[in-house]
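Following the hints, put chain Z in place on chain B, whose structure we already have.
For the protein sequence lines, the chains are B and Z, in the order given.
Residues in the first sequence are numbered consecutively from 1, following my numbering.
Residues in the second sequence are numbered consecutively from 1, following my numbering.
If you are wondering where the hints come from, they were derived from the structure by calculation, not from laboratory data.
Fair warning: there could be bad hints in the mix.
[Claimed, not checked] Listed next, the in silico DMTMM-like pairs over lysine to aspartate or glutamate satisfying Cα-Cα at most 25 Å (straight line):
no.: 1; chain 1: Z; residue 1: 96; chain 2: B; residue 2: 552
no.: 2; chain 1: B; residue 1: 106; chain 2: Z; residue 2: 39
no.: 3; chain 1: B; residue 1: 106; chain 2: Z; residue 2: 147
no.: 4; chain 1: B; residue 1: 401; chain 2: Z; residue 2: 147
no.: 5; chain 1: B; residue 1: 429; chain 2: B; residue 2: 218
no.: 6; chain 1: B; residue 1: 464; chain 2: B; residue 2: 450
no.: 7; chain 1: B; residue 1: 106; chain 2: B; residue 2: 348
no.: 8; chain 1: B; residue 1: 401; chain 2: Z; residue 2: 191
no.: 9; chain 1: B; residue 1: 266; chain 2: B; residue 2: 204
no.: 10; chain 1: B; residue 1: 401; chain 2: B; residue 2: 328
no.: 11; chain 1: B; residue 1: 579; chain 2: B; residue 2: 541
no.: 12; chain 1: B; residue 1: 166; chain 2: B; residue 2: 137
no.: 13; chain 1: B; residue 1: 327; chain 2: Z; residue 2: 151
no.: 14; chain 1: B; residue 1: 266; chain 2: Z; residue 2: 58
no.: 15; chain 1: B; residue 1: 401; chain 2: B; residue 2: 445
no.: 16; chain 1: B; residue 1: 83; chain 2: B; residue 2: 99
no.: 17; chain 1: B; residue 1: 367; chain 2: B; residue 2: 416
no.: 18; chain 1: Z; residue 1: 96; chain 2: B; residue 2: 210
no.: 19; chain 1: B; residue 1: 327; chain 2: Z; residue 2: 147
no.: 20; chain 1: B; residue 1: 464; chain 2: B; residue 2: 434
no.: 21; chain 1: B; residue 1: 83; chain 2: B; residue 2: 402
no.: 22; chain 1: B; residue 1: 83; chain 2: B; residue 2: 298
no.: 23; chain 1: B; residue 1: 327; chain 2: B; residue 2: 402
no.: 24; chain 1: B; residue 1: 579; chain 2: B; residue 2: 552
no.: 25; chain 1: B; residue 1: 401; chain 2: Z; residue 2: 146
no.: 26; chain 1: B; residue 1: 401; chain 2: B; residue 2: 99
no.: 27; chain 1: B; residue 1: 367; chain 2: B; residue 2: 305
no.: 28; chain 1: B; residue 1: 266; chain 2: B; residue 2: 154
no.: 29; chain 1: B; residue 1: 83; chain 2: Z; residue 2: 151
no.: 30; chain 1: Z; residue 1: 96; chain 2: B; residue 2: 151
no.: 31; chain 1: B; residue 1: 266; chain 2: B; residue 2: 328
[To be verified] To spell it out: a stretch of chain B is covered by chain Z in this simulated footprint if at least three of its residues, at any positions, have a beta carbon under 8 Å from a beta carbon of chain Z; those stretches are:
no.: 32; region: 258–264
no.: 33; region: 288–301
Glycine is no exception: its CB is placed at the ideal position from the N, C-alpha and C atoms.
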Amino acid sequence: MTFVVTSWFLFASSAVGAASSPPRAERAPVFSRDIAPVIFEACTPCHRQGGPGPFPLSSYREVRQRATQVLQVTHSRFMPPWKVEPGLGRFEGQRPLTDAELQMMKDWVAAGAPEGNPAETPALPALPDGWLLGTPDLIVTLPESFVLQAEPTDVFRIFAIPLPVKARAFVRGIEFHPGNPRVVHHANIRVDRTPASRMLDAADPLPGYDGLMPRSAEYPDGHFLGWTPGQVAPLVGPDLAWTLEPGSDLVVQLHMQPSGAVEQVKPVIGLYFSDRPPVRTPTILRLGSQGIDIPPGEGHYVIRDAYTLPVDADILAIQPHAHYRAKEIVGTATFPDGTSRRVMHIRDWDFRWQHVYRLVEPLALPKGTRLSMEYTYDNSPANVRNPEVPPRRVLWGQRSKDEMGDLWFQLLARNERDRERLNGEVTSKMVAEDIIGYETMLTVDPDDHELHDDVAMLYLGMGKTADAVRHFRASAAVRPDSSPAHYNLGTALAVAGNLDEAVAEYERAIAINPDYAVALANLGSVLLQQGRSRDALRRLEQAARLAPDNVEALNSLSVAYAAEGDIERALATIDRALKLQPSPAMQKLLRQRRDVLSR
Amino acid sequence: MSAALFLRAGSGFALALALSASVAAASQAVVGLDGRSMDPLTLPAGVRAHVLVFTTTDCPISNRYAPEITRLAAAWAARGVRFWVVYPVPGDTPEKVRAHVAQFGVNLPVVRDTRFELVRRTGVTVTPEVAVIDATGTMAYRGRVDDRYVDFGVDRPAPTTRDLDAALENLLAGRPIEPKTTRAVGCFLTDLLK
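Isolated chain B (complex conformation):
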């Protein structure tokens, strides 16, 4: 690579305006005065001993030795890693190099990369090796390292890390340390308030597991979590903290790139607490399409989605997400007066740089603003990142071989009433899209019973019982020996009002597992609805014996006793249920029945 000296003269002449300009010959950029301030600010925070950059750039010698490379990667804008086009407003952690700075580096290399006067070299910025956000209130890590093999290509691994808090806590932020920055490329982080992730992790004998995060692993209370090299999300104010319930797990999906050697990976995560509950909660809106279906060779496939805000809200942060075939990503806000502005634009999407883009100043959107997204995909052989050569048909799915297209917005409504309205609408919109995603995945894997179960639960939550029954039926057909499969189908049938078939499915579940307490309880309840109180009583007594703390079973049992004329046992069962301190609604119901039966 050769740089002609004329470029140096160009730079020099452009700087002539200043009155104090030294003579031209002295204007050649030198490391100490010109280059070091730029490198130390834009590169050194990652490229330092122990940092995520593969080699240090923290002294003249280190930069001089890699001058050509530094020049090449900064000019191509591969480094510093920042995929968003300029002109979209300011984001946290953004340090783009200006054209003038790039020109100066070019001139410096052309001049032979001189050091200048070492005394003029600025001090390195203070970059503590420890926690950048201060001492965390809670530090968690993996019980043992994950061993990453030397090759061949990227690995995705999910870890459920328990968060040992005894009481509810309020979290202002997290700081993620990759443990092995050489191979950890980024981390997707969620919180699971259920044991679902933990069980998946435990089922794999090695640390973590391969596959997908369960639906219960979520962004907590509308907060993006995650890590990419060089980014530390600042702590939010105490009024915006998220609630950490005891028994929750941090779910961390690591994207790792093999280094060529066998590597140990053990990330460490610090959490920072607030001493008081939050007063405001953001809402996450996800735009996107889960109906993606790109033919092989298609070089220009477009998806679009949009949503119009029912209330005023601020954008706090934006996170685009797609896999290897996505090319261009555009997000737009169209205001009620018809004007619009780009809020996100990436021309050359790179799956490996999944930043959360946090706005330095929140962007205020009036009610009626339309947020829209348009993503373009290249599934042709010309896309070198295409994981399939020759290309194949690619559908929506969460595995990296599938394709996705999401644009996530973190929105903050102005008051609680607005938030509830926004939350309700946004949740229904996203569930409707999730259902499309499940139906897409099921066209590829029609016998995946977990997909059938998940989508059936979504349909059930929306009140679409016929669709729920259809998918639970498919799940039970795939695994006819599974008692939960028949139980699920029985429950959906009962909700749909198809009691005869519901009884038959519960009977199947119980035939496989005679001690299946909830199936016995539900069966008893359905039999009661059918007026078969004697059959119901037998099933409910069994259920109450197997699960003495099941309030619903005791409630049904009291009804069955009463229907069979055994008022004494009915009253005793009600008292038993009340001692378990059920929900207020259940308590009211039980007391009312007791009053009626006592007369």
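Chain Z in isolation, oriented as in the chain B frame:
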């Protein structure tokens, strides 16, 4: 041919190399980890080709090729091809290199080329880059191992063209090698040579 032809320092040395020219010339500058001088440009009888693999201890792209290099070396050993790993960066001390080959499981002959003798004679500009020397001491191929890396940060999940493999196949079959040079993607050696 004298070494002087290839030592036109600072003036585009990479282009100065005629590919058909012999690169062989004994030198004291290329040493093994024990400090004894070695000459990977001169092939012993019975050896049909040498492959010089230029690397550094801290180049991520180079490091990611370690398993592939190990595999290729094992596959070609039986056909009379020997692989050498060349460390040209002066900062890669014998201790660092020993730790590096142990970490990356590289069990191949290693030389240090800290006076850039081999770098200049072959004309490599980055790591990882390979040079194939035939039995006559002539450089038959120089460039990338395969096309997995397209640019910094842009790589294919798997290579579609295995250039080094193809070059060795053609060389041993007596067929012409085309292309004789390819552009390798990796960490620049240029600045070390100035």
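> Tell me, which hint numbers fail for this structure?
Replying inline: Going through the list in order, the structure violates hints 1, 2, 3, 8, 18, 26, 31, 33 and respects the others.
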